[in-house]
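Use the sequences and the hints to build the structure in full.
As a plain string of letters, each chain reads:
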Amino acid sequence: MEHNPKNTALVLGGGLAGMAAALNLAARGHQVILADSAPAFGGLFPLLDNQFPTQSCGVCFMNCQTPTYCPFIQAELHKNIELVPNATLTAASGEAGDFMVRLAVAPSSVNPSKCTDCGACEVVCPVEVTREFGDGLETRKAIYRAYPKSVGKGYVVDRAACTRCGECVKACDANAVELDMAGSERLAQVAAVILAPGGRTVDASVKGEYGFGRYANVLSGVKFERMLAAGSPSSGKPVRVSDGNTPESLAFVQCVGSRDPAAGRGHCSSVCCMFSLKQALFAKDRSPSTKITFYYMDMRAFGKDYEKYVREAEAVGIEFVRAMPSIVRLDPQTQNLLVSVYGQSGLTETPHSMVVLANGFECSPETAAAAKLFGLDTDLAGLKPTDELSPCGTKTPGVFAAGVFRGPKDIPEATAEGAAAAGLAAALMARPDESGAPLYPTPADFLDEEPKVGVVLCRCEGYTEKFINFSELAWIASKLPEVSFVETIDHACSKKGMEECRRLFGQHEPNRLVLASCTERIVGDLYSFMFKEMGVHPGVFSAADLRGVARSGVLDDAAAEIACAVSAANATTFSTPRRVTAQDNVLVVGGGATGLATALSLSELGHTVHLVEKTGELGGNLKSSFKTVEGSDPKAWLASAIEKAKNNPLIQLHLRSRAVESKGRIGQFTTRIENPEGSVELLHGAVVLATGAAEVKPKGHGYGQSPRVLTQKELEGRLAIGDFPGGRVVMLQCVESREIAENCRPWCSRVCCTHALKNAREILRQRPDSDVRVLYRDLRAYGRFETAYQAARSEGVTFTAFDLKTRPEISAGADKVKVAWAEPSYGGKATFDADWLVLSVGMAPDAVDTAELARVFGVETDAGGFFTEKNPKAATTDFAKPGVYLAGLAHAPKHASEAMTQARAAAARISALLAAKTLEAPANPSNVSANICSRCGVCVDACPYGARELDFEHNRAVVDEIVCKACGACVTACPNKAARQHGASPAQLYGMIDELL
Amino acid sequence: MELSFYPGCTAHSTAWEFTKSTQAVMEVLGHKLTEIDDWNCCGGASARAINRSVGLGLPARNLLIAEKSGKPMLIPCAGCYNNTRRAQHAFEKGDEEAGRLAGTVGGKWGGSIEVWSFVDFFEKPGILDEISAKVKKPLKGLKVVAYYGCQLLRPPAVTKSSNWENPTALEKACEAAGATALDWSYKVDCCGADMGISHGHNAGELCSKLGEKAAEAGADAIVVSCGLCQANLDMRQAKTKLPVVYVTEVLGAAFGHSGASSWWKKHLIDPSGLFR
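Keeping their order, the protein sequence lines are chains A and B. Everything in the first sequence is counted per the numbering used here, starting at 114 for the first residue and increasing by one. Everything in the second sequence is counted per the numbering used here, starting at 12 for the first residue and increasing by one.
It should be emphasised that the hints constitute simulated quantities derived from the structure, not laboratory data. None of the values given here were measured: they were computed from a predicted structure. Where is the CB? At the ideal position from N, CA and C, for every residue including glycine. Fair warning: there could be bad hints in the mix.
[To be verified] Here are some, though not all, of the chain B residues that point toward chain A, as calculated from beta-carbon distances under 10 Å:
(1) E176
(2) N177
(3) L193
(4) W195
(5) V199
(6) D200
(7) E227
[As the list claims (entries may be wrong)] With a Cα cut of at most 25 Å, we get these calculated SDA-like pairs of lysine to any residue:
(8) B:K154 <-> A:D356
(9) B:K104 <-> A:A376
(10) B:K171 <-> A:A376
(11) A:K508 <-> A:K748
(12) B:K154 <-> A:L451
(13) A:K119 <-> A:P545
(14) A:K404 <-> A:D356
(15) B:K220 <-> A:D444
Given below as structure tokens:
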């Protein structure tokens, strides 16, 4: 691939964050070198069988909606992305806009251009070593693939383990194994660098007292994750390693190698509570008789909707014990593990059949070395933060950071950071003339010809072949009407398989292709993309779910599935896809920190912005923020951001304004803005809703009755001007939060714990004689905030945990507030005459506002009034409706830096969208037969994408073809058969049904 | 190799057999032990609890004497070893206290020699092979658990141990002598020897539990490398009466050393039956 150095970025790290960065840059038309030190891409992600809190499975969760599009294959196929596996960064020089980087590429010892992934080498290899993937649950050979269906070149030789016996060389028919292959060096000139090398899991044996690596039935979190994967030795069932039996009881031990300065790791790994809960829920689901106990210090479920997930775990009977086990011992007779815990009833020892240690994340020495090459400092928590209000930036211009490298985090944050970093890098590069996405060709003449159908059977790497005789199936398929050839390939959804299909299509020149592999959901988009690139209308392609049907082992079923697809291919019709030109400007609703950051990012990427704010002043919550937890000055940031926005010719401000009506679609919205002077209509290609949320005023707890009761935000304001006298202070956390009751919010507001820490320490700094006590349920000082928690403790702030059963009693008077609580340290009741009670109340959006905006822009909100994103894992800044985006606190409570990350991510995603300039409809959008449409509106309700509306003037439903995803829901919903779709005509469907019957 | 040898106060009394077997084993292995000149109490038993500078000063003086010999310093007793390593650690921190310590004992620690327990000694390259080579009566069928107690490896910042929760050096030495070493979860627990006098019943509970757990693991004997652990476990197992033997006694027996029969006489629970 020829690179233009001024338009190329290096992305280091091919996990989710790196991949999100690469895909965003590539979509905007930039070139990307995506390098990873591993032989295969994906980072930790391919290990995950399911995700929290969606309980969704596999890699394919990345599809926000149908059809599926796997990010790994997408990255592999994208013409703007070059994948460089086995690569380590060894040198870097230069400056923003002009870096020279050197990558050392380790030899894979298998020539990727020759290897056919047949696996014969692996079978004959006599060397068996521990498999890293899954933390040693299984073994692998010295020649191996990192994980099944790995993206990046398949086989690789582990040089350290290889005995050079030569068996693999002999077994390889393709002569691909080259045991003497030399490593290579790759020099590249790039304009920007994104560091997303991820983290590694802490070796669970650092906590020797828990017996990982010593007792067979003590597993690390990673090892257990692997055990729960469908492809594990136990097929996803939790079993004891010692005897393969179903565990009677299973214990999770949290914070192994996290929050543990004695183990050299003080930071909280942020995601372990949630991934362990997920594992617990799946274990319970797959082995209902297993009793599950969770040993934890604080349940840090601080993400959007994570609180619900904890309630789910409680509902299925998972037992929660708030304690850090001191030791895990082995009962030699039963191989059970005895977990020792010191609690109110003294030291107890509880037997469990199996123990899972939730080992956290840390920055590897290799990653630290790579960061050092750019002058960046790391510690075990990852990149040391510099300016928290410039998220994903680093102190080195032109170098950006994303993902776990910036500190342990979950998938939604990692993917948002990937997009945000991509936006920062893109701003350094010239705006490309066109994006990388190919446009649909118009249907070629040959579509009027008689159908000529090619059938390609996919072995699915031998899986499907286990059930069905392929030569018999091929013979049957060859006799189907208009079938001109039948060929068999190995792996349809790999790059190699696609190239093979492309070759077969060129060789036999059919005008329809039936791919008998998996469902349309899985292969549809991949092949649409491929046919577009080939200049062929993607309507020629259809899929038959051979893999799904073949599992029954009945040949006739498989044959019928193919006959059905062939019948459909013969009867299909084609549309000429509709195109629209995208407006190159963006409407941003909300003028707080997030809206400002979005507008500024968009302008840096060359887009014009209309920034709409309902009040007369920009700044939102930051107007009353005085100091962040990490000590940055939000006021300074705000002043400079407002200044920049006001003086930026690309940004037009609309104060005292509201968006009241919006029409149109992605690329071409028309929105009416009302202000006191009247109203104005704005044309824009996309919109970002960044309307925020604010601290809630408490309903009870003496607030508003006693002057001695404050909210955390009010306290911060008084501390900022030195107007807080200190004294005996109680801070009460989770006030009217995390509770399903009247006047309460069920969600966790994420930021209150850290704000309490910040303010508690500030009180002691200003008034050292004060006595500050924090009463909390779970102290959610995640990531590096844990350091602030530990500092607060050592500075003298005292912390006492309570739960909903032992909630503190408050009686607020005019100059004292009496607080009583159950004191766990001695099991009695403690009373405290406080001078001040500070309430951490949490935050909520203005639900009236968000509901109104949801109506205007055709998007959704949840029960709390927060906006509902398209996909809670992979697309937190997109709405399901194309062209509408969200960012910041209106999505869920979060810190300013996290909101700004989303702002930058949304801006980057919009910039990638608008780079295409021309947006187009899918190959086979739905249409309306106007004369039989009765305008009943059923199709409008049925459409999940908002692509249909009623045209009262012409008395019919109309389809926005650009928004339509060709899912067919309207076709099945329409009582009059007025909703139709190319590629799904009634004749075609009846033909298909006939074949199946 | 040549080693300087710090016996400590139990060497000539309750742990006489530890000293004798140590000397015997070292002789068979061909390592020369030279008792350090004019050594004094290690300070581990009482000085440490009462006065920090005395607690560090006593072993610091021994360290400086040993360093003059230029040979690694072998300390069989866990308590002596621990307190001497603390003094070494205090010196090596190079802070104000290190300066005071140097003033107290009239010299600075140069760091030119290593301080070893038997755990450290067995971990040195080649030692296990040396042991195997000298075995005349392989201890086939003898099942043991190793008991390290709390002083041989902790705190890791002082001992520089990398595996203080699950050390395996004593097991490896026993295996080299032909015995079968079993894993158990109590090898670094406390036996309570330090409070044996003031809180005898607590020590008794701890020892009895250790004996029971060793028996549950299937052991015929408990192997130790500490005079106090040995005496305590030997005296205070309530139900089980598992013999408690020094690792050097195990090796000496496997070497067919003639002195072994005299060592067994010092035990309350007679181990001689295991080594016939």
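Hints versus structure:
For E176 (chain B), the interface hint holds, the least distance from its beta-carbon to any beta-carbon of chain A being 3 Å, beneath 10 Å. Contact between N177 (chain B) and chain A, as hinted, is supported at the beta carbon level, the nearest pair being about 5 Å apart and thus within 10 Å. A hinted interface residue such as L193 (chain B) counts as satisfied when its beta carbon comes closer than 10 Å to some beta carbon of chain A; here the least separation is about 8 Å, so the hint holds. With 10 Å as the threshold, the beta carbon of W195 (chain B) comes within range of chain A, its nearest partner Cβ sitting at about 7 Å, so the hint holds.
Among the interface hints, the one on V199 (chain B) holds; its C-beta lies about 9 Å from the nearest C-beta in chain A, closer than the 10 Å criterion. The beta carbon of D200 (chain B) is positioned within 10 Å of a beta carbon in chain A (closest approach about 9 Å), and the interface hint is therefore held. Nearest Cβ of chain A to the Cβ of E227 (chain B): about 6 Å, under the 10 Å cut. The hint holds. For the proposed pair K154 (chain B) and D356 (chain A), the alpha carbon gap of about 24 Å is at most 25 Å, so the pair holds.
Under the criterion of a C-alpha separation no larger than 25 Å, the hint pairing K104 (chain B) with A376 (chain A) is consistent with the structure, at around 20 Å. For a cut-off of 25 Å, the pair hint linking K171 (chain B) to A376 (chain A) stands: about 14 Å separates their Cα positions. Simply put, K508 (chain A) and K748 (chain A) have alpha-carbon atoms about 21 Å apart, close enough for the 25 Å limit, and the pair holds. Of the supplied pair hints, the one linking K154 (chain B) and L451 (chain A) holds, its CA atoms being roughly 23 Å apart against a limit of 25 Å.
Of the supplied pair hints, the one linking K119 (chain A) and P545 (chain A) holds, its CA atoms being roughly 11 Å apart against a limit of 25 Å. As the CA atoms of K404 (chain A) and D356 (chain A) are separated by approximately 18 Å, the hinted pair is consistent with the 25 Å bound. Proximity of K220 (chain B) to D444 (chain A) is assessed by CA-CA distance (about 13 Å); at most 25 Å being required, the pair is judged to hold.
When the structure is compared with the earlier hints, no violation turns up for any of them.
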